[in-house]
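These protein sequences, in sequence, are chains A and B.
So the first sequence is numbered by full-length UniProt numbering: it starts at 1 and just counts up by one.
So the second sequence is numbered by full-length UniProt numbering: it starts at 1 and just counts up by one.
Simulated from the structure, these hints should not be mistaken for laboratory data.
A portion of the hints provided could be inaccurate.
One copy or two, either will do: identical chains are not told apart, so a pair holds if it fits within one copy or between any two.
[Claimed, not checked] Straight line, CA to CA, 27 Å or less: simulated DSS-like cross-link-like pairs of lysine-lysine:
| hint | residue 1 | residue 2 |
| --- | --- | --- |
| 1 | 78 | 156 |
| 2 | 292 | 269 |
| 3 | 318 | 305 |
| 4 | 43 | 125 |
| 5 | 269 | 305 |
| 6 | 122 | 147 |
| 7 | 305 | 133 |
| 8 | 125 | 305 |
| 9 | 156 | 343 |
| 10 | 209 | 269 |
Quantities reported herein were computed from a predicted structural model and do not represent experimental measurements.
Number of protein chains: 2
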Amino acid sequence: MKLPSVASLLIRVYRTTGPVSHIQRIRHGAVLNKNYSSVSAVKNCTALLYRNHGEPSQVVQLESLDLPQVGAECVLVKMLAAPINPSDLNMLQGTYAILPELPAVGGNEGVAQVMEVGDKVKTLKVGDWVIPKDAGIGTWRTAAVLKADDLVTLPKDIPVLSAATLGVNPCTAYRMLTDFEELKAGDTVIQNAANSGVGQAVIQIAAAKGIHTINVIRDRPDLRQLSDRLTAMGATHVITEETLRRPEMKELFKSCPRPKLALNGVGGKSATELLRHLQSGGSLVTYGGMAKQPVTVPVSALIFKDVRVRGFWVTQWKRDNRHDDEALRHMLDELCILIRAGKLSAPICTQVQLQDFRKALENAMKPYVSTKQVFVM
Amino acid sequence: MKLPSVASLLIRVYRTTGPVSHIQRIRHGAVLNKNYSSVSAVKNCTALLYRNHGEPSQVVQLESLDLPQVGAECVLVKMLAAPINPSDLNMLQGTYAILPELPAVGGNEGVAQVMEVGDKVKTLKVGDWVIPKDAGIGTWRTAAVLKADDLVTLPKDIPVLSAATLGVNPCTAYRMLTDFEELKAGDTVIQNAANSGVGQAVIQIAAAKGIHTINVIRDRPDLRQLSDRLTAMGATHVITEETLRRPEMKELFKSCPRPKLALNGVGGKSATELLRHLQSGGSLVTYGGMAKQPVTVPVSALIFKDVRVRGFWVTQWKRDNRHDDEALRHMLDELCILIRAGKLSAPICTQVQLQDFRKALENAMKPYVSTKQVFVM
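Modelling step: build the complete structure from the supplied sequences, incorporating the hints.
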């Protein structure tokens, strides 16, 4: 599968306004033009480019790229902040389900400020904060010319780190809590990888709705500290993978009902154990596979317990809802209300400069990382 | 889980009409009463009873049981024919999801004729053909007193073997083809265990609707003969498990689209391979686990291909629709139309007498059995 839409649209936009230069080789949102004389105040940008797949910190380079003129339906944006997500790393490694043509700029998420708008743009104005509607923008850069239709505004009264990390993890958490089971206050959700970006958002969004969460994490040196942090966020129970497999789990179900929904970011045994604790007719939704093992489902759970096994990919959801701006708008508004109310915080972040990318990428690859690397431009 | 409804209802009915004798020990539909003087023409029956779980042919015994009086809401029926299904064997072995209290009469499916009706029965009349609405009747017997509400009529113009085998396998096939994906003529369904009772019904019902079927069977001595038989029934393609795993499968998809629906009666590798051939967004529905191995689903199939993994159990469907007679009636009517049109035949059956039960049970346990054992009373 090749990355469609954003990058190819940009190239099409560019082609209508000027001669084709070597931009055709750069498809991943990084549109540059050494031959074109732009009227924009910002004529170039610094970006984290990769020309080959491989070890993330090795294949990425910091480069200066020229920007094209701002076409009638485009905007010039200054990037404010952009995180390193696990899917970005998989893209660099060449193992993700969608891969841009190379060379490409890394990063699929982030918040930017509009600096200049094309003549026909009605939806955005200078100063607006925007995030990409879809993956494929190439967000690890200081500035970009983007099609206005590929962006959606965010209010400027939320923290910049919340804005930069809103479009992937909290949206994934929100949709998984909304689209698979009808959950109401008092219901229970169980999840593994509870310390991931998605996991933390699940805890907070569920808590805001009065939904119990049983949160499974791997045993680790700072277990108590992490457990306390998740509990402070609103987690009902925090348990280790080992506890998940023990008979004493039944004690836990004296204080909350068996879960209707299980969220799986791990796979393997962990997923099978989540399933085991589900209510009859409940759903297991997989959004990640950290353990690199498949999801194994006993036949009896399917036939006699009617468990439903599904997957979720926020990129696909955004594409399926590409022409329904209301659905995306409604979700972002709800999440921003939670952020303003102090009920949904950004994950703990380490802010890094673009030039420190090698260390940031290496840190993002380490196991048991409890902080998200975010480029701040 | 204990068998509810039918048997316990019968006992409740009996209790309103006469003294309680040792019938309380027989909960599995087999209601008998040595102390009661019945006004029915038929006062007792012969039944295949089991008092312990174990090897089917060893634990079953042929016994004579007295029948209770026909209560106001009950009917006396003469059993005409009743098959041995895999789930019946699992019940005898004690490995099924629902198990009756022992002693119990074996068998959960079959067709009977009404011989006498209670005063308050409006839905049935003498001479009607009836089948049970739910599992738990104990059908391997010559006669029974049953609650009218637990029975549904079938037209008498279909073959008795079709009637005796309609309620489980064809109903399972019909619902799986109806409830999980919206299938239209030209779509494809893939299934393993294509030679099972359910598999044969799937082939015929799908063919009647113009739906392609890809039918996977195990390699065996009479492969060609079996393949020809399934093709004559309407199978689009018949392949072996080995072929299912080979690259030449893509040749097959030149003549029919990739399946929206995969039906799994096997589990293990076979189920994973069915999944691999599904369309994006398609469903794998498991109704059996002949291989005694779980269903293993790659994480990427869930996240990036949005495959949906579900289970189906016709007994649960019947219970969920217990108070919606229309749903059951509509399905049976549709199936009877197919039977009359020569589009849905009973599986190849071996008719046996109740007294030959040991040999019948042994035959039903053999692998690669291509004929269903049916008791004819």
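Homomeric proximity label, residue 292 with residue 269: Cα distance no greater than 27 Å: Both. Shortest intra-copy (11 Å) and inter-copy (18 Å) distances satisfy the 27 Å Cα cut-off.
Same-copy or cross-copy closeness of residue 209 to residue 269 [CA-CA at most 27 Å]: neither (29 Å within a copy, 41 Å between copies)
Within, between, both or neither: residue 122, residue 147 at alpha-carbon 27 Å: Classified as within; 12 Å inside a copy, 71 Å across copies.
Up to 27 Å CA-CA - residue 305 versus residue 125, copy category: Neither: 53 Å inside a chain and 37 Å across chains, both beyond 27 Å.
Identical-chain pair category, residue 43 with residue 125, by Cα at 27 Å: For residue 43 and residue 125, only the intra-copy Cα distance (19 Å) is at most 27 Å; the inter-copy one is 89 Å.
Intra- versus inter-subunit Cα pairing at 27 Å for residue 78 with residue 156: Result: close within a single copy only, 14 Å intra versus 78 Å inter.
Within, between, both or neither, where residue 156 and residue 343 count as close if Cα-Cα is 27 Å or less: within (17 Å within a copy, 66 Å between copies)
Identical-chain pair category, residue 318 with residue 305, by Cα at 27 Å: between (32 Å within a copy, 15 Å between copies)
Copy assignment of residue 305 with residue 133, given that the CA separation must stay at most 27 Å: Answer is between: at 21 Å across copies they meet the 27 Å cutoff, but 38 Å inside does not.
Homomeric proximity label, residue 269 with residue 305: Cα distance no greater than 27 Å: both (19 Å within a copy, 22 Å between copies)
Of the numbered hints listed earlier, those contradicted by the structure are 8 and 10.
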